[in-house]
Amino acid sequence: MYGFLIAVGVVLLLSIVWMVYRIQTLVSVVKGSDKKIASGSNKVNAFLFLVFLVAVGGLMFWYSIKEFDNYQLPIASEHGVVTDRLFWITMAVTGVIFIITHILLFVFPYKYQYKEDRKASFYPENNKLEVIWTTVPALVLTVLVITGWMAWSDITAPAPENAHVVELMGYQFAWDIRYPGQDKVLGDNDYRLTSAINPMGIDFTDQKSVDDFPSPKVVIPKGEPVLFKIRARDVLHSVFAPHMRLKMDAVPGMPTRFWFVPNKTTAEMRAELKNPDFNYEIACTEICGRGHNAMRRVIEVVEPAEYQKWLTEQKTFLQMNPALAEGIEVEVKEVAEIQ
Amino acid sequence: MATASVATHDTAHDHHDHEHHDNFVTKYIFSTDHKMIGKQFLITGIFWALIGGLLSVLFRLQLGFPDMNLEWLRPLLGGWITETGQLDQTFYLALVTMHGTIMVFFVLTAGLSGTFSNFLIPLQIGARDMASGFMNMLSYWFFFVSSVIMFISLFIKTGPAGGGWVVYPPLSALEQAIPGSGLGMTLWLVAMTFFIASSLLGGINYITTVINLRTKGMSFSRLPLTIWAFFLTAVIGLLSFPVLFAAALLLVFDRSFGTSFYLSDIYIGGEALPNTGGSPVLYQHLFWFLGHPEVYIVLLPALGITSEVIATNSRKPIFGYKAMIISMLGITILSFIVWAHHMFVSGMNPFLGSIFMFLTLIIAIPSAVKVFNYLTTLWRGNLIFTPAMLFSIGLVSFFISGGLTGIFLGNSAIDIQLHDTYFVVAHFHLVMGSASFFGLVAGVYHWFPKMFGRMMDARLGYVHFWLTFVGVYMVFFPMHYIGIAGFPRRYYSWTGFEFSNMYTDLNMFVSVAAIITFAAQFIFLFNFFYSMYRGRKASSNPWRSTTLEWTTPIVPGHGNWPGEIPTVYRWPYDYSKPGAEEDFIPQTVPLSATPESNLPHEQEQVKTEMEIIKDESEALVANEAKES
Chain A
0 MYGFLIAVGV VLLLSIVWMV YRIQTLVSVV KGSDKKIASG SNKVNAFLFL VFLVAVGGLM
60 FWYSIKEFDN YQLPIASEHG VVTDRLFWIT MAVTGVIFII THILLFVFPY KYQYKEDRKA
120 SFYPENNKLE VIWTTVPALV LTVLVITGWM AWSDITAPAP ENAHVVELMG YQFAWDIRYP
180 GQDKVLGDND YRLTSAINPM GIDFTDQKSV DDFPSPKVVI PKGEPVLFKI RARDVLHSVF
240 APHMRLKMDA VPGMPTRFWF VPNKTTAEMR AELKNPDFNY EIACTEICGR GHNAMRRVIE
300 VVEPAEYQKW LTEQKTFLQM NPALAEGIEV EVKEVAEIQ
Chain B
0 MATASVATHD TAHDHHDHEH HDNFVTKYIF STDHKMIGKQ FLITGIFWAL IGGLLSVLFR
60 LQLGFPDMNL EWLRPLLGGW ITETGQLDQT FYLALVTMHG TIMVFFVLTA GLSGTFSNFL
120 IPLQIGARDM ASGFMNMLSY WFFFVSSVIM FISLFIKTGP AGGGWVVYPP LSALEQAIPG
180 SGLGMTLWLV AMTFFIASSL LGGINYITTV INLRTKGMSF SRLPLTIWAF FLTAVIGLLS
240 FPVLFAAALL LVFDRSFGTS FYLSDIYIGG EALPNTGGSP VLYQHLFWFL GHPEVYIVLL
300 PALGITSEVI ATNSRKPIFG YKAMIISMLG ITILSFIVWA HHMFVSGMNP FLGSIFMFLT
360 LIIAIPSAVK VFNYLTTLWR GNLIFTPAML FSIGLVSFFI SGGLTGIFLG NSAIDIQLHD
420 TYFVVAHFHL VMGSASFFGL VAGVYHWFPK MFGRMMDARL GYVHFWLTFV GVYMVFFPMH
480 YIGIAGFPRR YYSWTGFEFS NMYTDLNMFV SVAAIITFAA QFIFLFNFFY SMYRGRKASS
540 NPWRSTTLEW TTPIVPGHGN WPGEIPTVYR WPYDYSKPGA EEDFIPQTVP LSATPESNLP
600 HEQEQVKTEM EIIKDESEAL VANEAKES
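Protein chains in written order, with numbering that gives the first Met the number 0: chain A, 0 to 338; chain B, 0 to 627.
These are calculated hints, taken from the structure and not from any lab test. Every residue gets a Cβ at the ideal spot worked out from N, C-alpha and C, and that includes glycine. Be a bit skeptical, because a hint or two may be false.
To spell it out: a stretch of chain B is covered by chain A in this simulated footprint if at least three of its residues, at any positions, have a beta carbon under 8 Å from a beta carbon of chain A; those stretches are [claimed, not checked]:
1) 273 to 279
2) 315 to 328
3) 378 to 386
4) 392 to 401
5) 468 to 474
Isolated chain A (complex conformation) (with noise of 0.2 Å):
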């Protein structure tokens, strides 16, 4: 029965619509104004350019001033405090360009609206004014691509010596976490050898994978360096820490790397936050399948004499499971028995 009603109520609306345009256009063409160059509704549309820039602009500033805590997530690395700087100055350039032009691009159809009575200026052209404005934006792009590559150029560049290694590796729908153990290398992998057991394929007969230790989070020391060497065992994925500001893509048959400095551990995030749950995360930015936003992983930031004691508190993936041994020399299997 209501369906019934909303349906007659719509055919209603919708031919009350029609009468009124009906009747508009009849109207318009008896009072000629269907001839005229331009009609009132000009002067409508030029106005309604000014309420535009006002009320969406306003709209605008309004938002972005309000919510300026909830979509600026806040830095837990060294160099997205640079990158987030960039990222504020190239807002605060383009914020301007952005501004100036939209008040002009709607001041002026109010302004030079149609006029019967008034000619438009022939103005082809001028040259002056072409290599003003091919050069300004020139000169202001060369400053943002300077700083923007200095910047670049550091984050890329190789990771230091002393850097704690972690390794991730990115299949359908986690990441599954190891760590180099004590020689602070990690083992060969080659994925002929993934089974349930061996998930990321880790070659066992290197002796460098003995003491290599899995982990259900990424475990990192504050202040020191931390190279993540990311691959990928079925599709693309893509590691994205996003209070680290990092991001890079896991590849299958092409490792890949990012290295960073985390300057806050978790408690001072969550006591700077007032949120006592707060967490790191690592989340896939490349599409991967079905359970592309389900990949998720927490980073714990922990002061550098917790790190160490927390890396002698963990087994190595022959301890959890000695299974794992079958198959490989007498010698590797006593060292990792001692270990």
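Fit chain B to the given chain A structure using the hints.
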């Protein structure tokens, strides 16, 4: 020289004097007439725009109202609605993939370039038709076949392609990874192959026609900016689409014939694949070698249309005609050497990243020049707000808003954080999606009288404009905030993460705005089809424009001009020339006929012009004498 060209015109003239007796099939289906082919592209483009828009509404429902029971969509989507009444996660990915593919290729490439290059090139340069009418027909029908295949892929059981519109392997190569990479992806590749063939056939035709078939006096320096834009677009397409074809072909090999161009070291579905040595990054390079120029393939025609519409309705010459051409040339060249800015964090050598950051930010300069030139064209004009004009001004606004965010993303250091977040989505939907879409709509409003001999209703046009203009900003502007906050693209839901477990209200707002904006397009649809049959009859030059197409009969027949093709004597932007009686002088009016308004250098050209006219009339007399 003059004699020869007059003679060829004359034979054409004879040929076209006869009444053509087309039957339904040759007139409306397998037509070789550029105007009909243009309309075919337009109607198909509108169809695809509706489908593409509808898909976006579906996934916006999920993003804005994640808890909504979508059971009522079961009649349409069937098994893609889960038992709990939610949108299936895999199907969500298919929706975003198909939305992107459809909008970029089928609507904004075929629907925009296909429509207006076909319709306007012969009319504005003064040609009877395209260089090859048959190839032109083939171009549409390849597109049609492509459309049918892509459309079918929407309905198959495993769903259409679902790896994002960029279809990066290995996801797109392995059926085990996502069901859409099975038959759906095969159909996607087949459809795109036909699409590329269609684009190339069309592009070759546009280029050839512009170079060879310009009427007498129509030098390159007198071409309307629309034609310059279509010409350069065709050049870009011709050089970049083959690379996409190569990328797709190698993907076909990897998928079906066991090669390893893109695949290496993969363990999936419990088994290790034999492929080694391939590189997924290779595909990305090949794809973006088309993918970035593609942005300009959709944008340049829109900018060309805007230049024409803004000049006409400002009653002013476009400011900096030469600067506009030079910036378009600059964009054309630069568009080929910036592709890797889509790949700053793909794992490619960071040094390449630096190079591409430099090149990318250079391309902002010609774009800035264009914006300033548009603004100066508006300055001290006498502006008439036809719907086309409104949409053109809207385009300039989007071009600024979306272009400026490109400066963030082109900066590799800043891009680390913003890459693949909603900031990117906001950026390209404004600068490439909405701007080009507005160009398309502006073009339809402006040239509708030439296409169908009737006017579209202006008032409905105003309503359509304001709803769409405000709507587009309400949809895409909030995405900047969501993007800065780090929300990743192509996420079915963000609630699994603490950093993105917010902005549900903003997403709801965006979804509502998207639905309203989509609904507003039906005003346009009604206006379009109603006006086609019942609209007010158009006059021969309703916008009082200077270009050649308005010298044809109101509805031009086969061959466009019943008699001689008119000769062109001046550039296309003589609006409000001091001294002239009217505020526009058509391109066909000789300089010698307007001594009162000629500029000093034009006065000098009058003499040569008179000689040419004299030669011509002598030749004409001689020809007639021969015939009788």
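Hint check results:
no.: 1; hint: 273 to 279; in the structure: holds (count 5)
no.: 2; hint: 315 to 328; in the structure: holds (count 8)
no.: 3; hint: 378 to 386; in the structure: holds (count 7)
no.: 4; hint: 392 to 401; in the structure: holds (count 5)
no.: 5; hint: 468 to 474; in the structure: holds (count 3)
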